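Undergrad: Please work from the sequences and hints to get the whole structure.
2 protein chains.
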Amino acid sequence: MKKQYLLAPGPTPVPPRVLQAMSLPIIHHRAPAYKEVFEDVREGLKYLFQTQQEVLLFAASGTGAMEGAVANLFSAGDKVITVNGGKFGERWGQITNTFGLEVITVDVPWGQAVEPRRIADLLAENDDVRGVFIQASETSTGVAHPVREIAELVREREDTIIVVDAITGVGVFALPLDAWGLDVVVTGSQKALMLPPGLAFAALSEKAWKFNATSTLPRYYFDFAKELKNALKGQNAYTPAVSLVIGLREVLAMIREEGLENVFARHERLATATRAGVQALGLDLYAPDAPSNAVTAVCVPAGVDGQDVVKTLRTTYGVTIAGGQDQAKGKIIRLAHLGYVDDLDVITGLGALEMALMDLGYDLNERSAVRAAQMILRRK
Amino acid sequence: MKKQYLLAPGPTPVPPRVLQAMSLPIIHHRAPAYKEVFEDVREGLKYLFQTQQEVLLFAASGTGAMEGAVANLFSAGDKVITVNGGKFGERWGQITNTFGLEVITVDVPWGQAVEPRRIADLLAENDDVRGVFIQASETSTGVAHPVREIAELVREREDTIIVVDAITGVGVFALPLDAWGLDVVVTGSQKALMLPPGLAFAALSEKAWKFNATSTLPRYYFDFAKELKNALKGQNAYTPAVSLVIGLREVLAMIREEGLENVFARHERLATATRAGVQALGLDLYAPDAPSNAVTAVCVPAGVDGQDVVKTLRTTYGVTIAGGQDQAKGKIIRLAHLGYVDDLDVITGLGALEMALMDLGYDLNERSAVRAAQMILRRK
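Just so you know, the sequences run in chain order A and B.
In terms of numbering that gives the first Met the number 0, the first sequence opens at residue 0 and continues consecutively.
In terms of numbering that gives the first Met the number 0, the second sequence opens at residue 0 and continues consecutively.
Worth flagging that the hints you see were computed from the coordinates, not collected in a lab.
Note that the structure is predicted; figures quoted are calculated from it, not measured.
Any given hint might turn out to be false.
In this list, chains with the same sequence are indistinguishable; a pair is considered to hold if it fits within one copy or across any two.
Said to hold, decoys possible - Listed below are the simulated SDA-like cross-link pairs for lysine to any residue, each with C-alpha atoms no more than 20 Å apart in a straight line:
no.: 1; residue 1: K78; residue 2: P217
no.: 2; residue 1: K78; residue 2: Q93
no.: 3; residue 1: K225; residue 2: Q93
no.: 4; residue 1: K209; residue 2: R248
no.: 5; residue 1: K232; residue 2: K328
TA: Written out as structure tokens, the structure is:
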């Protein structure tokens, strides 16, 4: 017997009650039974995105909604800024280039957040910037970018919108669309939403909808206006991923039961405990100055290969975490703590990590990640 | 207690063994456990599509793969022919127009198949036609278009490909990609594949891959070349819909166990029995000359509204079928018999239909759809 534990930054574990709901016989997406589900989902998504706007739903993974945000709101030749401080920032650059936008890339060293000052300067120098593309949480480096500050810079400009990839942000920490004046927020199902992958989401401000009205790029499957029109009638433009939508109703109910503020506080607590734990082992955080509460990226000690840590955890202890990509390959490991994850999952992850590090010859030397985390997590 | 029966042309019922497989704890899409699943899936899809080519897989509904077939193989201004004899033929027109192709629309009266002669003439008159877009099975009308004959017309032309929406064709009747020289075949998960919606598929001939090499339309999420490159390494470009892929392995195993020829024969038998049944009631087939084995479209009798039939079946008898759309609204009903459907499901559907028609005042006058179907389905 070897139990499996999933502590990667997506897919994240799916709660049993959700697996159960999704395993009921399938229903037809034009039948009244589905409409009821979809009504609940629409309300729940507004609560989650903290908005009065409609949240659009697509059968796709998050990248589909990212593409939609470009194809529905801009036109070829539009000047935009993309923040590139990791794999997903790089993706904004790829998508905007694919669709023929004129892209100013703000390169940020991996593990660091972008300085709002750099965006402010570029906006000042370029009257004609129409969009700023950023990650709320750059999953590849464990960095949380200062979305709120950058949204404030954009807010005062009539012809500029901020487009936020919040795939590991929504449901992890506060990103209130209406209150912060975020223009586009996209996410996916397999992160804090605790579902299998296969659903993508996009919510737009009124300002962003005005951009949609003048955008001329081609889109069909990810047609935001068509999807909005259908959503207001209680249906989807194309066949939705019915079983995932049924699971979605369940997770949105769970989030509402817990309360969004409590959900954010839980993620904050788990992230704090994880960081304290790995630091207690003498390991450095990869993103010490702006760590995301979704995932903690940790520098592996000299002499240890990060890929070996990932492999040992998986094969010896049944724990799936993520390693580093590209320039961070072998240098970092990423411990996720988002979604259906609680205090003792952090203890599990850190406990397994300690054993794997010992197995790989790292001398823990009486240090304990578990104990450091316990001091944050204990309840009395 | 009211049991629910799903006899609509998608989503179709999901076998219990598949629901069970999909309700296991989620696995990570970069972990070895997923790679094993994906290897099986790749093999199974080649068997299903009757091809040596790789079959690409997307987290999307079928329309996503349709868009991909346009965006990956053509360039703005390319001249193409679309066959428009129903809602899905219309969709080929919408997508090709959206991407700026020069579209020759072949309008076909609803309920009829396109005559290959018309395509032959257009091809003769237009040396520069690069693509012919068609449905194998036009779900909105219950028509099967003569894909094989049209593929033969296209096959001899070096610079023309045939693009087949086989969303209710693959796994219903023979559409051997290699043997017939089909260039692109797309389908979705929620039809003969017996899965919830959320997966789309596309397979390409070598000739179609050459079109991909010169196509300049923008695509990112549905990037066929990128997906192929990843598939050959045993992975997906973007996060796949893991739970659906796990279900897919199960249904592909079921199809292989039954044997593709037997699967086709079963659909043929169920369709024949359904047609015989409704005709025995004195009802006309909507597509008498070229009926699809996926779904039978039936003209409702004078004085009866098709929408009332659909509603009575659903609310009184718990049976979900489909009505007509647009010009066929209220005039037809559509009884599906594809996917996880067997002989007695046809008896169930026809038995319920008889009761609904009586409830709506139609005099059956001793006629029996059930008996007519039984004469085809009985096993001795």
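Undergrad: Could you work out which earlier hints the structure fails to respect and list their numbers in ascending sequence?
TA: Violated: hint 4 alone.
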